[in-house]
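Asker: One-letter residues, chain by chain:
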Amino acid sequence: MDTTPSPSQPPLKPLTPQEWETLIDDHHHGGHRLHRWISSNYTSQPLFDLSLSSLLRKDLPLSLKLLISSFLEQHVTSLSPIPFIHQNLIHLLDTLRHVINSPIDPVTITYSLKEQLLISTTSIFIIFTINNNNNNNNSDNVKLSFVSELEGLIEVLLTIVNRTGYGLDRQLRGVACECLRELERECPGLLSETVGVKELRRVMSFLLEWPQYLTTFGLFEFMSVVMPVAVALELQASLLKVQFSGLLFTSDMLLCHAYLGMYLQFPEAFSGHENEVVRRVLLISREAQNALVFRLLALHWLLGFMGLVMSKTEVDKERIFGTALQFYPTVFDPLALKALKLDLIVYCSVMLDKSRLADANGEMDSNVGSSKGSVVKLFEDALESVSGFKWLPSWSTETSVAFRTFHKLLIGESSHSESGSSTRDLVESTIFHATERMLVTMTLESRGLIPVMAAFINRLLRCHKHRFLGEQLLQTFDNHLLPKVKVDYRLGSYFPLFGKIAENVTVPPGGLLDLLGKYMSILVEKHGLDTGLRSWSQGSKVLVLCRTLLMHHQSSRIFLGLSRLLAFTCLHFPDLEVRDNARIYLRMLLCVPGNKLRHLLSAEDQLPSSHSTPFFTVQSPRFSYDPKKSKDISSYIHLERVVPLLVKQSWSLSLASFNINGEKPNYMEVITDSNTPLWQPETPEENPESPSIPALEGPNQSQEPLRVTDSKVSEIVEVLRKHFSLIPDFRHMPGIKIGIQCTLRFESEPFNRVWGNKGSAELDLLHPALYATVLKFSSSAPFGSIQPYRIPFLLGGPTKNKIPSGQSQSDSLDIVPVNNGIVDEEKEEESFNARVLIELQPKEPTPGLVDVSIEANAENGQIISGQLQSITVGIEDMFLKALVPDDIHHDEIPGYYASLFSALWEACSSSSSTGREMFLLKGGKGFTAINGTRSVKFLEVSATSLIQAVEKNLSAFVVNVIGDELVNIVKDGGILSETTWNNDEASGSGLDVVAVDQYMTEGPLYLKYDEEEDEKGSNLHINKRNMGRFHILIFLPPTSHLLFQMEVGVNSTLVRIRTDHWPCLAYIDDYLEALFLS
Amino acid sequence: MNSSCSIRALWILNNQDTVLFSRRFPVVERRWNVAVNRANKRCKGDQGFIVLPSSFPTDSEIAAAFTERKKREGSALGYGIRAKQSVEGSDSWVDDPIMRHIVSLHVKKEENGEDYTFWPLILHAKVQYYILVLPLVEPEHLKAYNTLCRRSDCGNGVGVDGNLSSLLLQLPCITGAFMVAHVLGDIITSDIPEPEVVVSAGPSVGGLLDSLTGSIGISARPKPVAPPVAASTNSTAIGGGSLASDAPKTGPRNLDKDALRSFISTAMPFGTPLDLNYSNITAIRTNGFSPADVAPVDSKQPAWKPYLYKGKQRLLFTIHEIVNAAMYDRDEIPDSISVLGQVNCRAELEGLPDVLFPLTGLDSKRIEILSFHPCAQVPEQGGGDKQAVMFSPPLSNFVLLRYQAPCSIGVPVKGFYQLSMVSENEGAFLFKLSLMEGYKAPLTMEFCTVNMPFPRRKVISFEGTPSIGTVSYTKHSVEWKIIPSGRGVGAKSIEATFPGTVKFAPWKGQSSDDSGSVQGGDEDSDTEIEQGNSMVNVEEYLVEKMNKHLPAVDLEEPFCWHAYNYAKVSFKMAGTSLAGMMIDTKSVNIFPSVKVPVEYSTQVHSGDYILWNTLGKCPVAATPAN
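Residue numbers (UniProt numbering), protein chains in the order written: chain A, 1 to 1078; chain B, 1 to 626.
Hints were generated in silico from the structure; no laboratory data involved. All figures in this text were calculated on a predicted structure; none of them were measured in a lab. Treat the hints with caution; some may be incorrect.
Stated by the list, open to error - No more than 25 Å apart at the CA atoms, straight line, and that leaves these computed lysine-lysine pairs for DSS-like:
no., chain 1, residue 1, chain 2, residue 2
1, A, K526, A, K486
2, A, K737, A, K843
3, B, K310, B, K595
4, B, K432, B, K310
5, A, K465, B, K84
6, B, K310, A, K486
7, B, K617, A, K377
8, A, K390, B, K432
9, B, K414, A, K390
10, A, K390, B, K545
11, B, K548, B, K458
12, A, K843, A, K881
13, B, K126, B, K143
14, A, K518, A, K465
15, B, K572, A, K143
16, B, K503, B, K432
17, B, K143, A, K465
18, B, K300, B, K414
19, B, K312, A, K486
20, B, K84, A, K198
21, A, K58, B, K300
22, B, K310, B, K126
23, A, K881, A, K722
24, B, K440, B, K595
25, B, K595, A, K241
26, B, K508, B, K545
27, A, K390, B, K440
28, B, K458, B, K508
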């Protein structure tokens, strides 16, 4: 074993019987166990040679030789490399001849060795000499190789077979016959010369006369040979019928199966016997003496058989019904058997129901009533056998079997293939209605089944074909279950089902809201000292359902009911948290446009790990807070904007603030979303179709002017085309990014209180540090995915408000190196701050919140993780300068901007003739169109402060300054650059570079700018005096623009606004007010 | 219909997922590859799924795939029907109980990492062994299965195209493979079932080997082989359930691989079974043929009768019945009692005679013949009720016919069992039974025992004295021996009552006994409080409480036994058939005519003979009205 054979491959060292067995085992096992044999060359050809020589050795035990022979047979393809095949076959045939011709002795040459060697040799010959060359599509070309060796083998076999009259070796002769049969099977016609046709006839007629003399498998083989012949010759099936009918009555399963096969081959000959066959096969399933699996097989045959037969023959209802009764499961039938018997009953019910429908469509059927009753009773009775599922735990096997049957009952005959019959018919069927009733009753009686029911409905809902069945079921539950459930504490167990109802748009939410309302009032009523926790839990669960409703239904549809329910909860519910959350939902329902609301809520659903604002997490009791780590982390670790936002409040901000202080907001903004008609709670009747937006003129698409392309328009279009071709299409490539500068800092003292090690040195405590900090960002606003930001090291800073008075108080502050005011405070602070850049890639220019979570290591290896205060992104963060083409020189830029401004200004007017123009974006894949909207804003602010504010905050975007007076003031300031100066234009003469739209002042504006409003005061008169105009061009990523034309007066300014992204106007109002009026 | 019944390979694994034995049949495998190549060539144009030509798995790959399947399907046999855990592509996704027995394996080849799906693999579990048999099907069958197990919809309806049933109807090779698997299971556990033939009051009569070794006449056998009927129905009631099936069991340590190999090489030398008769094959293997074994000159010798009997002739029949009963003792639920019987036969007859066995009169007793032995020539119109059946008996003991019937004479044990929980840990019970009411001689009841199983509670003590017999208890049951074995009584009516109480150890939710797959999970705390308040009945309370920890049973069980309280009656009777089956020995004729003694005996065993607690829940099944 240790000696590796030399490359010239001398014979391998013989193996002991134990080694042989290990070798064979290892070859079967494969993998690593094979490797050592391969490495010592006990593989391939050398092993083949060794095997053959071992077969002839006298000292090896017989059982081992049998094993080696069988091993050779099973592994010959890997043991005999192709070049050696010929030589090996010769060698093998010689070995066979030697063994066969040796006289029998009880030890070395026995019949069993001869038999085994015959089998193995034949096997190996079949593998190597018979090649199926199926190049032709239909017929297999069988090609023989090594023909002379094959003939040698056949000769040996025939010699054995023909040695008749010698009784002792008849088994060996049988084996030789079997070998010949196998050769002939693999190569049909191989032995045709050997066996005469006459003989063949004799054998055939003998076997046809005495099939019962064959063994079970022999008879089966014979039938499988005879059957195709009978079909091909169009033999009279009656002959076969007489000879083989008895097979159906034998206890041998294979013979029964053979009978069924014969039946299906000659359906005409056997027609009329269907019921006998059904009855008979059913009896097989009752033979408890048989192994269960055979009884199951029999039932499957029945299903298959009935499917084949009944689809062809006319259905006799009485017969089917009678048959169905036979399928009733018995008490002691194993559940597997019950399940399949139920399948059969379902099948019969479906057939009966189908024939009833067919009858009803034709003439009046007197049986309709009775058969309807009986079909339902049929499966109700049948289900008795698993009725334990009503009270057994929901995971019981009985439950699985019962619901499997319900599923089959519901979907009936409808297959999932597209060509299947109209499934809508199902809903009309008696069975469907009966099943629905059963399910409702069951759910009322056994609450334990509710989760199963919910899963069951889900299974249907997820199916492309049967989704409507699930919806139909939900509607049934809504109609029939909700009015009947008892409203008490146990109602909570129905919530999985209610959740499904709430999610589904096809179910009107009214009933559910009604029920939840009742439940809430009962919770309120029953609340007492000992029910605190329960009120909280049940109340929270109701709110989860409310949230589900919010997410899946149009706000208008649920508004009345839900607002009532939430308002009631806000006012009366005993638990503070539930009240608070109800208030948040109510506020969301009132203030947030439907689409946005659903987006907000669903984003939370998809990212359960990054629960942004705490109120969502509290809402669903599933998420537990780690109080130590995440609760207060935001009170001493701060991420703050470098440049604070001008606008402190917007709707998104106010939402976040609800949670923190629970106060009502100062005002509510009503914004519609495009899908949901606006629902105003106060005056619901008043024209809910047309959205009314304060100081905002919606896109007026119905008034489409005729398109006339003149030279001016084409010039505008040209400018715009050029401009848009610079804007990257974020759908196909990285879009334009905006960055928000922030700083991260944290306060040492509270940090140490939570994370500090008591044993560590005081100095460490003073300046704790965060290592490997990762800030992760997420947002429900359309900002794309935001890259996390990493800060390798950050030192803790002093707690701001404590520094001035800190000296004498806590001992830890005794040696604070920072003192008040003397050291350059700003510089000192710098070292405690880390710069953070949040890069957003907005898909829509909108304000929003960016939720921030932190992960860091503390000094002592603890992992710090939690939520920080969210970062507010304002509309002004979206303000970018328009892109400039590369071919524009630096000094040409002001001119370019000015012409771009004019073009956009024109394009954004509602009467614009560019409205239908599509502009190709960069990347050449996406288009955009300009859909302009206009607005105005009147600002009562002095020219001086206005100009200052513009210079401070909007200087980069000013593209044109018009009017002497204004130009002079601004030029003096020296802040504006890249601007076109238009001194020449007379102030006040023309208000606009382009034609003023006369609708402007007649629109839905509350401002009366230039006339008849004198009563209010003299200010307006003064306003009339114009000093000039600013033209401001702001690019809003990804593809929109915001244009201001500020008509600056001494004491007031009128801002005309145009944009091709109208939703941004909602924020601009606030922005302008904050910019100029505060 | 696929005409052949061949086997590509078979494997035997133990419960540690190690392959103990494997056999590949290269000739059949060659046929598979030829078929695959042909099929792939045919469907080259369409983008139908192409079956890979086989690259045959090694034992270790099969073992790995088996382990993976076990993980995927929850246990070695699997869920069968679609469960929460089922995933697309798994067997249970097909949603049929038979998927526990016809399984697929996804084999990952070590050398190239490619995945091969093997289906249909016949899985037969026997004691601690798993036998896998892979029959040869057409590639389109494998495709059809792939469609079934990967469809993303809600599951198949009944009677629709392309369902599992029509597939199974088309594939007799699956049926044949099951037969192979069962025989192999019997061989490796040395549990070869042989129908028991009893001569009146004598020991069982041996089989083929006894006749061959020349022990003509009745030979005492060390261990009478239990008839398969009794074996299949006994074990389920106590300690059943799915939990035990995958647990390591003790059993024969080493396979007798030589016996397996020699059986296989004779029974299916090339992978196509020729004959699975173990006793014939063993006899030929061990004895061969002697010059004395001469073929009969006047008739042909059947393949299933390799040897002819020589010696004193006689014909023996034993009627063997199993009686199952669900006794409710309630007005609204009728008791159900049914008899499952078989006629075992041993024909010690010289030559190749035919025997005519009368079936007259069976109809009046509502006896329904289920099946005949293949050696019988069944009259074409099948019904066993009118005529006689002619058979040419094989050499060993065999089951001539099987039947079922209602109980035609009185109910052997009737009465009621009541158990009421007087407190959480104490139950009061009462039995009132009458045995063999109205029975007449010749009949004896050899023993009768009543067992009250409490598999989920621990019995601490019991009190009470029965009117007859003795009582003992174990950890999980109380046993009442009304008639101890060895003291059989003749046909006389016996009244037996047994009032008493049984005390249990306090109920512990997750007792060690039913740890494992308690899948309950989140209980709603709210509902629990509610129950505590409103539950007045301690029994209902207890049932609710205990049900939370009920494990799900296997699909092989008829229902969740552990959910019910019941008493199981075991008895054995001799002397009369409960179904009323009679053999008129005078009408049994032998052709060619010869005078031989014909004897017959009768045995009745109890199967699932259950007295349901009259005061508790019980499983029921509706019986059709007519």
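Asker: Taking the hints in turn, state whether each one holds.
Answerer: Going through the hints against the structure:
no. : hint               : verdict
1   : A:K526 with A:K486 : holds, 15 Å
2   : A:K737 with A:K843 : holds, 10 Å
3   : B:K310 with B:K595 : holds, 15 Å
4   : B:K432 with B:K310 : violated, 54 Å
5   : A:K465 with B:K84  : holds, 21 Å
6   : B:K310 with A:K486 : violated, 81 Å
7   : B:K617 with A:K377 : holds, 23 Å
8   : A:K390 with B:K432 : violated, 31 Å
9   : B:K414 with A:K390 : violated, 29 Å
10  : A:K390 with B:K545 : holds, 16 Å
11  : B:K548 with B:K458 : holds, 18 Å
12  : A:K843 with A:K881 : holds, 17 Å
13  : B:K126 with B:K143 : violated, 30 Å
14  : A:K518 with A:K465 : violated, 36 Å
15  : B:K572 with A:K143 : violated, 65 Å
16  : B:K503 with B:K432 : holds, 20 Å
17  : B:K143 with A:K465 : holds, 22 Å
18  : B:K300 with B:K414 : violated, 53 Å
19  : B:K312 with A:K486 : violated, 81 Å
20  : B:K84 with A:K198  : violated, 63 Å
21  : A:K58 with B:K300  : violated, 40 Å
22  : B:K310 with B:K126 : violated, 37 Å
23  : A:K881 with A:K722 : holds, 16 Å
24  : B:K440 with B:K595 : violated, 32 Å
25  : B:K595 with A:K241 : violated, 35 Å
26  : B:K508 with B:K545 : holds, 10 Å
27  : A:K390 with B:K440 : violated, 44 Å
28  : B:K458 with B:K508 : holds, 10 Å
In summary, the structure is inconsistent with hints 4, 6, 8, 9, 13, 14, 15, 18, 19, 20, 21, 22, 24, 25, 27 from the numbered list given earlier, while agreeing with the others.
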